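Undergrad: Residue numbers (the working numbering), protein chains in the order written: chain A, 1 to 308; chain B, 1 to 431; chain C, 1 to 190.
Think of the hints as simulated: they come from the structure by calculation, not from any bench. Nothing here was measured: the structure is a model prediction, and the numbers come from that model. Built from N, CA and C at the ideal position, the CB exists for glycine as well. Take the hints with a grain of salt, since some may be wrong.
[To be verified] Partial list, derived from the structure: chain C residues whose beta carbon lies under 10 angstroms from chain A:
1. 10
2. 16
3. 36
4. 79
5. 91
6. 111
7. 113
8. 125
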Amino acid sequence: KTITIKFSHVVADGTPKGQGALMFQKLVKERIGDDKVKVEVYPNSQLFGDAKEMEALALGDVQLIAPSLSKFDKYTKQVQVFDLPFLFDDINAVDRFQASPEGKKLLTSMEKKGFIGLGYWHNGMKQISANNPLRKPEDAAGKKFRIQASDVLLEQFKALNANPQKMAFAEVYQALQTGAIDGQENTWSNIYSQKFFEVQKYITESNHGAIDYMVVANTDFWTELPKDLRAQLETILSEVTVQVNKMAEELNQRDRQRIAESGNTEIIKLTKEEVDAWRKAMSPVWATFEKDIGADLIKAASAANTSK
Amino acid sequence: MTTVFLFISLFAFMLLGMPIAISLGLSSLLTILLFANDSMASLSLKFFQTFEQYTLLAIPFFILAGSFMTTGGVARRMINFAIAAVGHLHGGLAIASVLACMLFAAVSGSSPATVVAVGSIVITGMVRTGYTKEFAAGVICNAGTLGILIPPSIVMVVYAAATESSIGRLFMAGVIPGLLLGFMLMGAIYIVARYKKLPRQPRASMAELARTGKEAIWGLLLIVIILGGIYGGVFTPTEAAAVAAIYGFVAALFIYRDMGFKDVPKVLVDSGRVTIMLLFIIANAFLFAHVLTTEQIPQNIARSISEAGLEPWQFLIVVNIILLIAGNFMEPSAIILILAPILFPIATQLGIDPIHLGIIMVVNMEIGMVTPPVGLNLFVTSGITGMSIMQVVWAALPWLGILFVFLIIVTYIPWISLALPDLLFGQAVVQ
Amino acid sequence: MVTRVINHLEEGFIAFLLAAMTILTFVQVVLRYVFNSGIIWGVEATSYMFAWMVLFGMSYGVRVHAHIGIDLLVKNLPGATRRVAGLIAIGLCVLYAGIMAWGSYAYISRLIRLGIEAEDIPIERWMLTVILPIGFALLGLRLLQEAYAIVSGRRSGFELADEAADVLKEQGLNVSSTDLGATDLDRKSR
Ligand code: NA
Ligand code: NA
Chain A
1 KTITIKFSHV VADGTPKGQG ALMFQKLVKE RIGDDKVKVE VYPNSQLFGD AKEMEALALG
61 DVQLIAPSLS KFDKYTKQVQ VFDLPFLFDD INAVDRFQAS PEGKKLLTSM EKKGFIGLGY
121 WHNGMKQISA NNPLRKPEDA AGKKFRIQAS DVLLEQFKAL NANPQKMAFA EVYQALQTGA
181 IDGQENTWSN IYSQKFFEVQ KYITESNHGA IDYMVVANTD FWTELPKDLR AQLETILSEV
241 TVQVNKMAEE LNQRDRQRIA ESGNTEIIKL TKEEVDAWRK AMSPVWATFE KDIGADLIKA
301 ASAANTSK
Chain B
1 MTTVFLFISL FAFMLLGMPI AISLGLSSLL TILLFANDSM ASLSLKFFQT FEQYTLLAIP
61 FFILAGSFMT TGGVARRMIN FAIAAVGHLH GGLAIASVLA CMLFAAVSGS SPATVVAVGS
121 IVITGMVRTG YTKEFAAGVI CNAGTLGILI PPSIVMVVYA AATESSIGRL FMAGVIPGLL
181 LGFMLMGAIY IVARYKKLPR QPRASMAELA RTGKEAIWGL LLIVIILGGI YGGVFTPTEA
241 AAVAAIYGFV AALFIYRDMG FKDVPKVLVD SGRVTIMLLF IIANAFLFAH VLTTEQIPQN
301 IARSISEAGL EPWQFLIVVN IILLIAGNFM EPSAIILILA PILFPIATQL GIDPIHLGII
361 MVVNMEIGMV TPPVGLNLFV TSGITGMSIM QVVWAALPWL GILFVFLIIV TYIPWISLAL
421 PDLLFGQAVV Q
Chain C
1 MVTRVINHLE EGFIAFLLAA MTILTFVQVV LRYVFNSGII WGVEATSYMF AWMVLFGMSY
61 GVRVHAHIGI DLLVKNLPGA TRRVAGLIAI GLCVLYAGIM AWGSYAYISR LIRLGIEAED
121 IPIERWMLTV ILPIGFALLG LRLLQEAYAI VSGRRSGFEL ADEAADVLKE QGLNVSSTDL
181 GATDLDRKSR
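Please model the complete structure; the sequences and the hints are all you need to start from.
TA: Spelled out as structure tokens, the structure:
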């Protein structure tokens, strides 16, 4: 009997995540065969939207999804570690933490709720864009920033005395353009693909946090697969992960370059002192969430920076 | 097989006299139960997801705003102003009625509401001054369709939600086509009026024009607030709808005082009822579209169309034919929710701008509202004039020709739709 | 008496939700634009009120015959046949309500077991979603009432909205337009 895996996500086919899903589909077909395992990819929220894909996975109507990590904070407070500002120096540090025992343990932390993590996929490091230059943290005070649904990010902008706003992703471009909101934070590739740079005069290269995804399966579905098949799928997935992460990094570099060349947006590079000022301004957030996340986990994540 | 079952059961349920909403929902549920293994739980999840689409919130707000505007006498003052402005032309009262429809369309998101708001006042007036009832009814029935073309527009909100297009861009895209259609109707009336020697009103004095303008200013100001507010970054289109509702409330109760506090609950319940009816259809249409997606029907149709190698202009003919047929039988929101997911990806592939496609769909829906057997504008026109449906159909027919010509123009000159949004918001965002 | 109180509460609840949604969204705009602040749970609360209004209102829609459909065919059937067609239509609608109520119940049970909080409102998600099974159960009950009205001869078929009259009513006009289609022949064409 054919096993069907519905892989549902909310972004376009052309993004690293979209490509990863298609690559997974292709490799499964080549190595395992359509007759045994059939992967169906549903991009662009075709099947379920951002807010509901997790619940659909829990119900077992979708088998694989890859939401951004901040979407998990209602299921396990520990994933909030990824949203802590200035925790990771760069994407390599994020990589090292994800490969560490603590990082891997996070993948299985939601098994009882019905989710089993199979790996992390990168989107990249976040930058802050706005229509006024943000060099010092004080420059952000009083400004309205669109944030993703995440308690940590909410507190992060509050720590800057800025004004975090919830807004549907579809409305962000126009809200930035008309000035209904002043800025937002995102990766280079998202800023480019969503054309946010067209309507933002400045982007501060802050690298203050990461946007990453966790590929998760429905626990019952995954654990009930025949053992050898599961191993095969896991191997394929880890190969895909390497490719996706490489692609994400290349895309960020390319899009940063394109934005710089557009002449539309000034990229603000921060000096070491300036970075420290931002770090200090956002640091109260760490204390606020230390209890929820666990001091040990934060320490383990910080340790990923040192092994350069 | 699955597709056949889905559509046959849908039509059978509808013909049996079941509500459209439940017909859509039940045919989807049965298809899933018989041919797929999705859980019913995930379908109720999908149903609930409808209400998390923030843009759809604009629907209750615009319905409420429109209701306050009519009950509160805003429409009446707009009509007086329109008559003072153009009533002295040949066929002046009819031209003024079209102008009033345009003005009211700019504060209301619905076509039948526009017909009622303007028609219930002007048709009697036109008949009294010597127009035939058929002429009056035909003009209003057609001009009322501007309600969904000139922003705000409930149908555009639904299209934006179904395709994740920018609602602000879509609203702006409706402005020039809306004005164009308005002027085409006015021009046609003027020509008929010269030829048939239709009556004209005495020319209003400047003082009269100023007085009616001043009286109508609160309604006219709302147009500026809605479009200016969205463009100026004060609020998103959804929020603009809520602002319009509050504004309509204040205008009706405190400025014009055509209604009192005791009338407010009734306006709320009536608007609530219309919202519930519409959203119940929309949520079930989402279920229907979900089944289409899981059965890969849009993907397959898209593939066969792209394999057929249609040119964009040929594809647009197909689009118009499908939409015109559907528009004869179904409710606009349901049509858009079912067909947009199928047509949208193909259009994108062929390089047709999603916003342009949206306007084409809206114009088709306008035509659907004045064609039998199901045409809401026909029904309400019959309701306010006491004419039979068949009489209204014949009365509306000559003007329908203008809508068809207009559809062709809008379909093949994308500039008409895209010029304003491109000017205001820059070139389209391609994902 | 009891029925009248219930009917009033039904309408009151719908009116309240619509007013609250509108005011909350308006207040958000004012807070953001004038006071440069905002209610972070505002968007989520508005969405849930929206959902409650519609899900609660589905059954109300049956009572006041607000749901639209195409009844050209059944309306012209002879009495007894029309009644039977009405009962079949209602039966199918009850089937719909039943399946949805059952699916919703399964969904809510899963949410209760998940025990997750809503995005910004600090209560569990199932408490905000529980209107789903309730709404469909109420829909089923109201439909059965309609069926009883046909069986007991108080109604001649499943009544859908007179949509045109509804728009007229909503716009504050009380022009009667009942049986628009059916009266075509009665009206003298002049
Ligand atoms: Na309009
Ligand atoms: Na029609």
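Undergrad: Each hint: holds or not?
TA: Cross-check of the supplied hints:
1. About 29 angstroms separates the beta-carbon of residue 10 of chain C from the nearest beta-carbon of chain A, more than 10 angstroms, and the hint is not met.
2. Hint status for residue 16 of chain C: violated, given a least beta-carbon distance of 24 angstroms to chain A, over 10 angstroms.
3. For residue 36 of chain C, the interface hint holds, since its Cβ comes within 10 angstroms of a Cβ in chain A; the closest pair sits about 6 angstroms apart.
4. Because the closest C-beta pair between residue 79 of chain C and chain A is about 45 angstroms apart, greater than 10 angstroms, the hint is violated.
5. Given hint, residue 91 of chain C at the interface with chain A, is violated; its Cβ is 28 angstroms from that chain's nearest Cβ, farther than 10 angstroms.
6. For the restraint placing residue 111 of chain C at the interface with chain A, the shortest Cβ-Cβ distance is roughly 7 angstroms, inside the 10 angstroms limit, so the hint holds.
7. Interface hint at residue 113 of chain C: satisfied, since its Cβ lies 8 angstroms from the closest Cβ of chain A, which is below the 10 angstroms cut-off.
8. Satisfaction of the interface hint for residue 125 of chain C is found here, the shortest Cβ-Cβ separation to chain A being roughly 8 angstroms, below the 10 angstroms cut-off.
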